[in-house]
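Chains A and B are the protein sequences, given in the same order. According to my numbering, the stretch in the first sequence is residues 1 to 275, in order. According to my numbering, the stretch in the second sequence is residues 1001 to 1422, in order.
In case anyone wonders, no lab produced these hints; they're calculated from the structure. Please note that a few of the clues may not be correct.
What the hints assert, rightly or not - No farther apart than 25 Å at their CA atoms in a straight line, the calculated lysine to any residue pairs in the SDA-like style are these:
#  : chain 1 : residue 1 : chain 2 : residue 2
1  : A       : Lys-10    : B       : Tyr-1247
2  : A       : Lys-39    : B       : Glu-1115
3  : A       : Lys-10    : B       : Ile-1059
4  : A       : Lys-10    : B       : Glu-1007
5  : A       : Lys-10    : B       : Gly-1138
6  : A       : Lys-39    : B       : Ile-1161
7  : B       : Lys-1209  : B       : Arg-1158
8  : A       : Lys-10    : B       : Trp-1061
9  : B       : Lys-1166  : A       : Gln-44
10 : A       : Lys-41    : B       : Ser-1170
11 : A       : Lys-41    : B       : Tyr-1168
12 : A       : Lys-39    : B       : Gly-1108
13 : A       : Lys-39    : B       : Lys-1209
14 : B       : Lys-1166  : A       : Ala-107
15 : A       : Lys-10    : B       : Tyr-1015
16 : A       : Lys-10    : B       : Phe-1167
17 : A       : Lys-41    : B       : Phe-1167
18 : A       : Lys-39    : B       : Val-1152
19 : A       : Lys-39    : B       : Arg-1158
20 : B       : Lys-1393  : B       : Thr-1250
21 : A       : Lys-39    : B       : Trp-1061
22 : B       : Lys-1071  : A       : Thr-6
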Amino acid sequence: MKSQATTIIKPLSGWQLLGLTELWQYRDLLYFLSVRGIKIKYAQSILGVGWAVANPLIQAVLFTVIFGNLAKLESDGTPYILFSYTAMVVWTYFSGILTDATTSLVANRAMISKVYFPRLVLPLSAVLNKLLDFAIAFIILIGLLLYYGQAPSYTIFMFPVLLLILILTSIGIGCLLAAVAVQYRDVNYAMNFLVKMLMYSVPVVYSVDYIPEAYRTLYAINPMVGVIEGMRSMFLQSRPFPWEWVGIGALVAVVIFIVGCFYFRRVERHFADLA
Amino acid sequence: MNENVIEVTDLGKRYRLGGRDHAETLLEHVGQIATYPIRNFRNLVQRKNFTEGEEDDSILWALRDVNFTVKQGDVLGIVGHNGAGKSTLLKILSRITPPTTGEIRIQGRVSSLLEVGTGFHQDLTGRDNVFMNGAVLGLTRREIRDRFDEIVEFSGIRKHIDTPVKFYSSGMKVRLAFSVAAHLDPEILIIDEVLAVGDLAFQQKCLGKMDSVREQGRTILFVSHNMSAVEGLCGRCILMDGGRMAYDGTVSEAIGRYREGSLNMAEASGLAERTDRDGGGRIRFTDVRLNQNGGVYTGESVRLELDYEATVDIPSLQVAIKFSRSYREVVMTLDNRIQGKPLSARAGNNTLVVELPALDLIPDRYLIDLWAGAGSVAEDRIFNATSVVVLEKDIYGSGVLPQANRHGFLVPPACRWETART
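Produce the complete structure using the sequences and hints provided.
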């Protein structure tokens, strides 16, 4: 026979490598899982991908009414709707990946207990799965910016970096929680609430100016702070690009990603027995 | 080319069973539910389920000291009773779960089919599901595209390939799923019971497909309860028993021992000495025999003999014999009061004979609980007094046997089937 690939199956203990070559071999599975996620989501909805627009936009309008008009929160001198929608676009992507990744193992437990494939594919597929929604929401953002005559700053070249920070963080936490959720379903029940709580821990509805100067560096340990403020800086020119916050956020994001993925790899061998 | 393509050395798999959460009352249930968080949290802190703990009675070796090799082109059958370790062995071979000890070396591309249609989704079309299922089984997008037409042709549902599978009949779904599986083209194929799907004609088609895979010199590992399929397909057979390999050799010998093992398991051991019983004690079961400890076949008559001791005369004796498939999943009860057959007993040793004209239970292992009462007062109750392995028999003469894990627990008498245009 042609292929002489030898597979060795033996007890696993301790930490494992990420198995990137194998992950690459299964890239088509990653693709189909993502496509499946999108198709299932929109198969029987009237609005279809319209939801990708409606979700962040309705929330941003709500925030504008409640926090902008009623509570009259500061919005760094920009229209509140732009202020909150810019943040909502990235936040929706972040929370979408996080929720999807966290529930991915339990949702696909039938597959896990019947077929072998690199388990990391499941949480990773959330990134592509939500990418379409993100892209559509982002196009609306550009429309809003044009409408308000807002020109982006030259720091827009940092956009991919911000996205990367977002993805690393959400996948890192997602992998960690997914691994725990296999055994303890509490994680899934708590997810809704957790995401809401997390949203108020980052400057989606309020300005960073409300955080005392002395604590801002500490505040920026949450990578999404740098991402959201970076977005506002490059698209709304609300403030100079927050290099320091993005820097700290990037470091933390990498740490979260590594910890999350390695923890996932460490416990994934038990998934089939527990799920 | 007679090299070993699979080498299994000292393979073992240990499971830690959950706590014995057998609540008897509603209050106990509530208590258990209330304390779940505390217990789960303790486990979490001790990382109990994620680590290999020390030996204690909650440890179960599902597989132990398994050694065998498979040569290129071998078609190896694996048989054994439920709980003998077949599924665990398959899961380890398929890399779904890692072994606790030992090692397996596999040479070549493996496809393992523990079920058909993994990853199928109701809302997606047949076409989408073929791609999804193929990708789950390890095919690349290109490979699926190349085989797509063949797959659809084999399934025979080209007309509906762009319809969401939720509108398919279960038969159509299975055919499509199996068609994907049949076109994996692996060097080593591991199959679990998948032949027991679909209608007879489709099963024949699948068997034919497997035959052609075999003729190409591919290696097949085939796990089944269907002895005739094992006999027809395999050149060699392994018998698993209690997590160990009981036999490795010819198919006929393995099947012979499998049937023999079934008989031994049915033997009662020391019912008189059992102390885990309750009731008033004026009646005590001392022995139970089924068909004089001969084989019990599905659809055939069974003669139950219960020896018991009564300390006093019992004018109104009630006896219940409960068959259950797993822990307290009762399948049927033979009860003389329900059947309106009054009994009475004299003090001393007695034997009660119960004759069941046809045992319509699906081939599997059943546990038998015994209960005896004077009037309605419980005098003796023993859980798992004995177990019986109901052996398979082709009662319909169709060559297809009902399967314990997918066809419920009854084997109904043959029906009259007729269809006509109305």
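Open item on the list: Are any of the numbered hints broken by this structure? If so, which, sorted upward?
Closed with: 12, 13, 16, 21
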